[in-house]
Amino acid sequence: MSGVILNNVKKRYGAVEVIKGVDIEIGEGEFCVFVGPSGCGKSTLLRMIAGLEEISSGDVQIGGRRVNDLDPKDRGAAMVFQTYALYPHMDVARNMGFGLSMNGWPRDEVDRRVNEAARILQLEPYLDRKPRQLSGGQRQRVAIGRAIVRDPEVFLFDEPLSNLDAELRVATRLEIAKLHGTLENSTMIYVTHDQVEAMTLADKIVVLRDGRVEQVGAPMDLYETPDNLFVAGFIGSPKMNFMALDNGRLPDGTAPAVPGAAGAATLGVRSDALRPVESGGDVAGEITVVEQLGDAVFAHFRTGWGQEMVARFEPGTRLRAGESVRFALAGRTHLFDAEGRALRAAAERLTA
Amino acid sequence: MADAALSRTSFAPPRRREAWLSPRARRTLVSIVLAAICAVWVYPIVWMISASFKTNGEIFADSGLIPDAPTFDNYTRAWREANIGQYFFNTLFVTVGSVIITTIAAALMGYVLGRRPIPGKTALMGLMVFTLFIPQGFTIIPVFELLTSVGLGQSLWGVMLATCGHSIVIFTFLFAGYFGQMPKELEEASRMDGVGPLKTFWYVMLPLSKPIIVTVIVMQTLQAWNDFLLPLVVTLANPDLRTLSVGVYSFRGEHFIDWGGMTAASAITIIPIILLFLFLQRYFIDGLAGAVKG
Numbered sequence: 001m002s003g004v005i006l007n008n009v010k011k012r013y014g015a016v017e018v019i020k021g022v023d024i025e026i027g028e029g030e031f032c033v034f035v036g037p038s039g040c041g042k043s044t045l046l047r048m049i050a051g052l053e054e055i056s057s058g059d060v061q062i063g064g065r066r067v068n069d070l071d072p073k074d075r076g077a078a079m080v081f082q083t084y085a086l087y088p089h090m091d092v093a094r095n096m097g098f099g100l101s102m103n104g105w106p107r108d109e110v111d112r113r114v115n116e117a118a119r120i121l122q123l124e125p126y127l128d129r130k131p132r133q134l135s136g137g138q139r140q141r142v143a144i145g146r147a148i149v150r151d152p153e154v155f156l157f158d159e160p161l162s163n164l165d166a167e168l169r170v171a172t173r174l175e176i177a178k179l180h181g182t183l184e185n186s187t188m189i190y191v192t193h194d195q196v197e198a199m200t201l202a203d204k205i206v207v208l209r210d211g212r213v214e215q216v217g218a219p220m221d222l223y224e225t226p227d228n229l230f231v232a233g234f235i236g237s238p239k240m241n242f243m244a245l246d247n248g249r250l251p252d253g254t255a256p257a258v259p260g261a262a263g264a265a266t267l268g269v270r271s272d273a274l275r276p277v278e279s280g281g282d283v284a285g286e287i288t289v290v291e292q293l294g295d296a297v298f299a300h301f302r303t304g305w306g307q308e309m310v311a312r313f314e315p316g317t318r319l320r321a322g323e324s325v326r327f328a329l330a331g332r333t334h335l336f337d338a339e340g341r342a343l344r345a346a347a348e349r350l351t352a
Numbered sequence: 001m002a003d004a005a006l007s008r009t010s011f012a013p014p015r016r017r018e019a020w021l022s023p024r025a026r027r028t029l030v031s032i033v034l035a036a037i038c039a040v041w042v043y044p045i046v047w048m049i050s051a052s053f054k055t056n057g058e059i060f061a062d063s064g065l066i067p068d069a070p071t072f073d074n075y076t077r078a079w080r081e082a083n084i085g086q087y088f089f090n091t092l093f094v095t096v097g098s099v100i101i102t103t104i105a106a107a108l109m110g111y112v113l114g115r116r117p118i119p120g121k122t123a124l125m126g127l128m129v130f131t132l133f134i135p136q137g138f139t140i141i142p143v144f145e146l147l148t149s150v151g152l153g154q155s156l157w158g159v160m161l162a163t164c165g166h167s168i169v170i171f172t173f174l175f176a177g178y179f180g181q182m183p184k185e186l187e188e189a190s191r192m193d194g195v196g197p198l199k200t201f202w203y204v205m206l207p208l209s210k211p212i213i214v215t216v217i218v219m220q221t222l223q224a225w226n227d228f229l230l231p232l233v234v235t236l237a238n239p240d241l242r243t244l245s246v247g248v249y250s251f252r253g254e255h256f257i258d259w260g261g262m263t264a265a266s267a268i269t270i271i272p273i274i275l276l277f278l279f280l281q282r283y284f285i286d287g288l289a290g291a292v293k294g
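Respectively, the protein sequence lines represent chains F and R.
First residue of the first sequence? That's 1 in full-length UniProt numbering, and the numbers climb one at a time after it.
First residue of the second sequence? That's 1 in full-length UniProt numbering, and the numbers climb one at a time after it.
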């Protein structure tokens with residue numbers, strides 16, 4: 001039993017409330033990602049679970065125990081920092097075993113655990129090197145190793161990939177995913193502002209904004225059925241296109257073929273739900289920028305009412321800026337009310 | 001950037017001048033000038049060492065820097081009769097003790113000032129800076145009284161303790177500045193590891209401040225070894241407790257000054273300092289540069 005439960009957790013700095021009552025339940029062995037724009041409180045929340053920040057009100061439970069008043073070391077959580085926070089004057093083995101040996105663990109047990117962690121992370125050849133002799137990715141692995149040797153109930157990752165370059169970020173992301181597979185039953189909580197990391201790693205994503213939970217769910221749930229405009233815009237790349245609706249009509253007077261559009265204030269459609277058509281269609285515009293990604297082509301176009309939108313084309317499609325394009329809505333569309341809530345969610349709320 | 005671009009367009013490029021000297025000749029010239037300045041700089045030390053090998057008669061006979069008949073008499077006389085041996089160990093005791101106390105105390109204070117949120121920190125640091133502006137001459141009598149009142153007025157322990165006070169403020173600030181710029185994640189990582197604050201200080205923070213430790217050791221050693229006024233006042237009534245700098249001064253009798261003995265004693269005095277500097281100068285410069293870089 002090593003799940004994490006947050007119950008109406010709040011954090012105040014003086015009069016400023018940065019975490020405004022968060023309820024999250026993370027099951028044992030789950031990989032949970034906190035995602036949100038900078039300043040949304042996701043790192044603060046993680047640090048509150050770790051015990052590095054005090055909890056102003058509410059409860060944090062790890063493995064069924066209330067840990068609010070416990071020291072970080074007694075919470076059964078280990079943290080991997082964005083800056084690695086390795087001890088520069090200690091070699092890799094000492095970095096990983098430092099906490100254990102300082103707490104009076106027998107030396108051979110420390111060595112055994114360090115070697116085990118080094119084996120998992122393929123750090124064996126580097127055990128006697130200093131952090132400055134390692135690459136960024138290796139340093140990050142040492143930081144993860146330092147967490148592993150403590151055999152914690154919960155791993156906490158605070159934007160662990162932010163300091164790596166793009167290529168290493170992808171590689172290390174994969175390693176973390178594999179690690180989660182290796183260390184069964186370890187709960188992992190991972191903070192990032194990168195929704196791609198969130199989508200690829202998570203069993204469960206928590207989208208945060210301004211110290212509040214916007215939505216909790218599996219990655220594809222969030223992608224396909226976002227609860228509100230914010231989640232719809234935040235999850236998915238490129239960003240979802242939003243069009244204002246007035247009595248079921250777009251700003252240029254077209255009535256899109258979407259059932260229920262009459263009662264909605266905003267229509268959301270992802271770039272892959274726009275199918276190019278020769279004539280007719282729901283949306284028309286003029287291409288401004290073409291992005292060739294190899295496996296897809298993204299055409300940014302300006303609609304008749306002056307809004308920038310983006311549509312996905314099949315690879316190899318030849319497009320030029322200035323070209324006129326027309327699209328039919330051919331896929332999942334999303335409707336939101338005037339408060340930005342998804343209409344599906346609103347309907348569910350009515351029936352509940 | 002914009003300014004640079006502007007100035008480039010609005011002024012004609014400077015005409016390329018013929019170099020007056022080749023780079024090599026320029027280096028040689030600079031070296032000669034610097035060597036001359038250096039010679040002036042080290043002359044007093046060279047004179048002192050040369051004089052320490054001369055007899056009292058020869059010193060002022062204007063015989064140049066090379067002694068006519070080099071003699072070790074001055075050294076043996078200084079060591080045995082003038083008690084320089086005793087003074088040497090007094091100084092060593094005071095210096096080593098004050099270096100240990102100063103380094104540990106300054107590192108601990110600097111750690112707290114640099115990293116812990118304590119109420120009234122700014123006021124406290126302001127007060128500490130203020131003490132730097134009070135000349136030693138004004139405080140020496142109260143310090144002596146203080147030592148006497150705690151029963152250390154006539155002991156080397158008293159000299160050692162009082163010597164710690166000279167630069168501890170500067171050392172504390174050096175440590176505070178250095179600790180202050182260390183990333184807070186280091187301490188947090190150590191907290192997550194379950195390592196207490198004292199062990200974190202001892203095993204994580206202190207080893208990282210090695211450049212500052214070396215700087216403080218070197219500066220405090222110089223200070224304690226060469227200190228004159230304080231040991232003079234404290235040991236006035238007790239010649240056995242004299243340190244080297246005070247001991248050297250005692251060669252100056254009322255009617256006769258033993259210049260040979262004095263220069264030999266001075267040479268003995270500076271040898272440890274020169275050795276220390278030779279061994280530690282690299283770290284010392286690193287430490288100062290590191291502190292400035294922030």
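A portion of the hints provided could be inaccurate.
[Claimed, not checked] Taking CB as the label site, the calculated pair distances span:
1. F:Arg212 to R:Val129: 54 to 64 Å
2. F:Gly104 to R:Ala105: 23 to 33 Å
3. F:Glu54 to R:Ile100: 33 to 43 Å
4. R:Thr28 to F:Asn163: 27 to 37 Å
5. R:Val129 to F:Glu308: 51 to 61 Å
6. F:Glu54 to R:Val129: 44 to 54 Å
7. R:Arg115 to F:Ala166: 51 to 61 Å
8. R:Gln86 to F:Gly136: 33 to 43 Å
Don't read these hints as lab results, they were simulated from the structure.
These figures come from a predicted structure and were not determined experimentally.
Heads up, the beta-carbon is just placed ideally off N, CA and C, and yes, glycines get one too.
Here is what the structure says about each hint:
1. F:Arg212 to R:Val129: 54 to 64 Å: 46 Å, violated
2. F:Gly104 to R:Ala105: 23 to 33 Å: This hint holds: roughly 29 Å between Cβ atoms.
3. F:Glu54 to R:Ile100: 33 to 43 Å: Once the Cβ atoms are compared, 38 Å apart, the range 33 to 43 Å for isoleucine 100 of chain R and glutamate 54 of chain F holds.
4. R:Thr28 to F:Asn163: 27 to 37 Å: Cβ of threonine 28 of chain R to Cβ of asparagine 163 of chain F: about 49 Å, so the range 27 to 37 Å is violated.
5. R:Val129 to F:Glu308: 51 to 61 Å: 57 Å, holds
6. F:Glu54 to R:Val129: 44 to 54 Å: 33 Å, violated
7. R:Arg115 to F:Ala166: 51 to 61 Å: 35 Å, violated
8. R:Gln86 to F:Gly136: 33 to 43 Å: 59 Å, violated
Hint compliance for this structure: hints 1, 4, 6, 7 and 8 are broken, all remaining hints hold.
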